[in-house]
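Numbering follows this note's numbering, in which position 209 of the sequence shown is assigned residue number 303; successive positions increment by one, without gaps.
Hints in this document: simulated from the structure, not taken from any laboratory. Fair warning: this is a prediction, and the values are worked out from it, not measured in the lab. You may find that some hints are simply not true.
[Claimed, not checked] List time: in silico DSSO-like cross-link candidates among lysine-lysine, alpha-carbon distance up to 30 Å:
1. Lys171 <-> Lys145
2. Lys220 <-> Lys174
3. Lys138 <-> Lys277
4. Lys145 <-> Lys130
5. Lys130 <-> Lys174
6. Lys141 <-> Lys184
7. Lys171 <-> Lys184
8. Lys187 <-> Lys174
9. Lys174 <-> Lys236
10. Lys277 <-> Lys141
11. Lys280 <-> Lys270
12. Lys140 <-> Lys177
13. Lys236 <-> Lys217
14. Lys280 <-> Lys368
15. Lys270 <-> Lys177
16. Lys201 <-> Lys140
17. Lys220 <-> Lys140
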Amino acid sequence: MKNLLIALFLILFSTSIFAEEDVNALLSSTDIMQKKMGLRYAQKDKKYEDKVIEILNSESENLEVKMIAARTLGVYKDDKSLKTLLDTLKSSKEEDLQSSILSSLSKYDNNEDAINAIINVLKTGKTEYIRSVSVQTLKYIKTEAVFNAFIEALDDDSALVRRKITVALGELENKKAIPALKKIVKIDEDNQVKANAQSSLYKLGVKNENLKSTSTALLLGVAPINGLGLWYSGETMLAITNFVLEGAAVGMMAYGYNGFNDMNKDNKLVNPGKHYAFIGGATIFLIGYVWDIVMPVMSVSSQNDKAKATAFKPIFFTNGEATVLGFSFNF
């Protein structure tokens, strides 16, 4: 309980000025919560750098604490912190710690050693997880070395890694990626990889012919065919309205399809207009599709009810009536 109260106090008053000995006491504490809070405060001042490095190098330290220490060294961005991060990346076998180190190294985006270290993980990482993390940390670093590494890694055995790379190539905005992305669209076995490659091609200025033909098919094929049910049941105006709405819906989806869910490095929508246009178009199209099915059935059912109320009932013979082929006639 005492530790929890201390942690809450530190969270609420983390902007206050602590004495250096107080921060050092937190960093030296055996309590994990206090040490984490000490590291977060240490990010504000490089004078704690040696203590943070000591924590990262400690073999007996808690993994989560070491991960925070690694991210703290990324904030310092100096040669001493960089060397520690590079050395720890080589020696560590913990993927979660490696992931934190890669994140910190990406902040040294003008340092060739840092970039090459991340690229090396992409090339030699033993699991798809750590290789995919390396892609995430490289995708905003627009250098020729990163671009070449991504192109080479398009042959990675992991679909997860290829998915990340095909998105990243769009972020790099290097049009030299177009031939490789077109090839991926044609030959890759993973549908999500193909979709990501197509989205990146769109960002690079290549129009999606498949999307154009699909949109045309939806507009000229599905919408009017669905509307035939309404027209046949006598609902002419509803059929026309249906075609107009579904045509607009297809247009909205076609506009928003490429890049509708792309996020930037702050995890915010890159194209919010396309995002909501696609969702709105898909919603309208789905409603129209259900309408196409439900309305004709309701209309025909209503007509049948009216017909039943006035229909002749087949009889064989009664006073003044005779039945011919199931229809009754008066005589």
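Can you give the numbers of the hints that this structure goes against, from lowest to highest? 3, 10, 15 and 17
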